[in-house]
Amino acid sequence: MSERKGYILFIDVEPNTGLKKALTKKRTEVIADIRNSGLKGRGGAGFPTGVKWNLAASASSDTKYVVCNADEGEPGTFKDRVILSEYTDDLLEGITIAGYAIGAETGIIYLRGEYEYLKKQIVDTIDKRRSEGWLGKNVGGKEVFNFDIEIRMGSGAYVCGEETALIESLEGQRGEPRNRPPFPVNTGFMGCPTIVNNVETLVTASRIIAKGVDWFTKYGIDKSTGTKVYSISGDCEKPGVYEFNIGITIAELLKEVGGGNAKAVVMGGASGRVVPAKDFAKTVAYVDAPTGGSVIVLGQERDMLDVAENFLEFFVEESCGQCTPCREGNPLLLDGVKRLKNGTCSMEYLQELMSLAETMQLASKCGLGQSSPNAFLSIIEHFETEIFGRVPVM
Amino acid sequence: MLMTERQTQADTIEALAKKFGKDRTGLMPILQEIQAKYKHISDFAMQEIARELDIHPVEVYSVISFYAFLRSKQTGKFVIRLCRTLSCEMAGKKRVARQLENELGVAFGETTSDGRFTLEYANCLGLCDQGPAMLVNDVAFTEVTPEKVHEIIQECKRTFSVYAQEVQKHV
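Sequence order for the protein chains is A and B. Just so you know, my numbering puts the end of the first sequence at 395, numbered straight through with nothing missing. Just so you know, my numbering puts the end of the second sequence at 215, numbered straight through with nothing missing.
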C-alpha cells in the first residue's frame with residue numbers, strides 16, 4: 002500500500018478490523034475506548050473526541066448524523082487530501098464506527114469543492130463497501146445497525162470548515178456560522194444530534210478500536226496522546242505529509258524535512274501563529290505550539306510583512322461578513338500591513354491596530370474571526386525590529 | 045435564451061430536484077450541477093430552482109453569491125484558478141500569474157472575449173507541497189512554471205470539444 006512512514010495512521014491494517022471489533026462491543030464500550038484513548042480532534046480545535054461522541058450518543062433523538070469534515074481549507078494544509086486518497090477505505094470504516102457508537106444511520110462526507118477530483122474514488126469505495134455489506138442494512142451482519150454514507154460537495158468557502166457553517170451549507174444555506182450553544186451534538190444537521198469530525202480524527206478512531214487503547218496511548222505525550230499528521234510546505238527540501246509523534250519539537254521536525262536554516266515557521270496556517278527560530282525548541286502539541294497540521298517553513302530571506310499581507314488578504318476574502326469585528330477588522334489590519342510596508346505607519350497607529358486585533362479575537366462570532374489576527378500579532382511581537390521605518394521599493 | 049433552451053433547462057432542474065429532494069438540502073447539489081453544466085446559474089435557472097424547492101428566488105441568489113464556485117454570470121468553458129496563498133506565493137506564483145495574463149490577454153477576474161477561459165485566483169487548493177498550483181475546472185496542475193503555462197493553455201484548446209462533452213456527461 003503506502004510507502005509513507007508512520008506509527009498509527011500511516012500503517013497497513015487489515016480492512017475492517019476496527020469495525021468488526023466495534024460491532025462485537027456495546028456502543029458505550031466503543032465510546033469509552035475513544036474517551037480513554039485521550040484522542041482529540043485533529044482538525045485543529047482539539048476537542049476530546051470521546052466527549053463529543055458521548056454527548057451525541059446520549060442526546061435523545063431517533064435521527065442522528067455523523068459528518069466527516071473534509072473541507073480542509075487552512076492555508077498550508079493538505080494532509081486530508083492524502084488521507085482521503087490513500088486511506089479511503091479506512092476513513093469510511095471510521096465513519097461507520099462513529100455511526101455505530103452514537104446510534105446514527107447516516108454519515109455525510111463534506112468534501113471541499115477544490116477536491117472534486119477525489120470524489121469519484123470516494124464514491125466508488127462507498128459503493129464497494131455497500132456491495133460487501135459494510136454499509137447498508139445490517140452492517141457487517143450486525144442486526145439493527147443500518148448505516149450508509151453519502152458525499153456532499155463544498156463550493157469554495159473556507160468558513161465552511163467551521164462546523165456550524167458546514168451544517169448550514171449542508172442545509173442549503175449560506176455558510177454563515179451559528180451561535181453556539183446549542184452545539185451540533187444536540188442541535189446539528191436538520192436540528193438533529195450531529196457529530197462533526199475531521200478526516201484524520203475518524204481514521205485515528207478506527208485505528209484505536211482496531212489496535213487498542215494501550216497501543217495508542219504509548220504514542221504522544223501526557224495531555225496529547227497519539228500521533229499527528231502534518232502538512233509541511235515552504236522553504237524546505239522535502240515538503241509533504243508526515244506523521245510524527247505528538248511532542249516532537251519544531252527543530253526536530255525541521256530536521257526531518259530539511260528545513261534546518263529556517264527564519265521562522267507558521268504553525269497552523271493563516272489562522273495560526275508565526276514561531277521565530279529562537280523558539281524552535283517548543284513542542285508541536287495542543288499545549289505548546291498547536292497546529293491543525295499546517296507547517297509552513299520560512300527561509301532566511303522571507304519578508305515577514307509579505308506573510309502577514311498574504312494571510313490578511315486571505316481573511317478579507319474569506320470572512321463571511323456576518324459579524325462586524327471580522328468583516329471590518331481584517332481590511333483595517335491589511336491596510337496597516339501595507340502602511341508598514343510603505344514605511345508610513347506610526348507606532349501609535351500600530352498600537353491602535355493591535356488593540357483592534359485583540360477586540361477581534363474576543364468579539365468575533367466564530368473561529369475564523371477570532372484567529373484571523375494571530376499571525377499579524379505574532380509577527381509584530383517577534384519581528385518588531387524589521388517592520389518599522391521601511392523605505393518603499395519603487 | 046431560446047424557448048427550447050429554457051425548456052431543456054427547466055426539465056434538467058426538475059430532474060435534479062427529483063434526484064436530490066425537493067427540500068432546501070437539495071439546493072447546493074442542484075446549484076453545483078447546473079453550474080457544471082451551464083458554467084453559470086442564470087436568472088431563469090434561479091427562478092426555476094426556487095419554484096421547484098418552493099423558496100423565494102432571492103434565497104437562491106443569496107446562496108450563489110456566498111460561494112466562490114457558484115456564479116450568476118457566465119464564465120468561460122475553462123475556469124483557471126491559480127492558488128494565491130502563501131506556500132504557492134513563495135514557490136513562484138507571481139511569475140505564473142503574469143504569464144497566464146500574457147497568454148490569455150485578460151487580467152485576473154476576467155473572461156476571454158471568445159468565452160473560452162476565465163482567469164481567477166483561488167485560496168489554498170491544498171497542493172502546498174507542489175506549488176505553484178492551479179485548477180483548470182476540476183483538474184489540478186502542480187509545480188506550474190511560466191513555461192508550462194503556454195502548454196497547459198494549448199492543451200485546453202486542443203481538448204476543448206472533448207472536454208465539453210465530458211462536462212455534459214457529468215450532469
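Simulated from the structure, these hints should not be mistaken for lab results. Any given hint could be a false lead.
[Said to hold, decoys possible] Incomplete in silico selection of chain B near chain A, CB under 8 angstroms: (1) Gln76; (2) Val107; (3) Thr129; (4) Leu171.
For glycine and all other residues, C-beta sits at the position ideal for the given N, C-alpha and C.
Margin query: Restraint: Gln76 (chain B) near chain A, CB-CB cut 8 angstroms. Satisfied or not?
Written below: 6 angstroms, holds
Note to self: Would the hint on Thr129 (chain B) be counted as holding, given a Cβ-Cβ threshold of 8 angstroms to chain A?
What the structure shows: 4 angstroms, holds
Next item on the list: Identify whether the interface hint at Leu171 (chain B) stands, where standing means a beta carbon of chain A within less than 8 angstroms of its own.
Entry: 6 angstroms, holds
Margin query: Given a cut of 8 angstroms on the nearest C-beta pair, is the interface hint for Val107 (chain B) held or broken against chain A?
Written below: 6 angstroms, holds
Going through the hint list in order, the structure satisfies each hint without exception.
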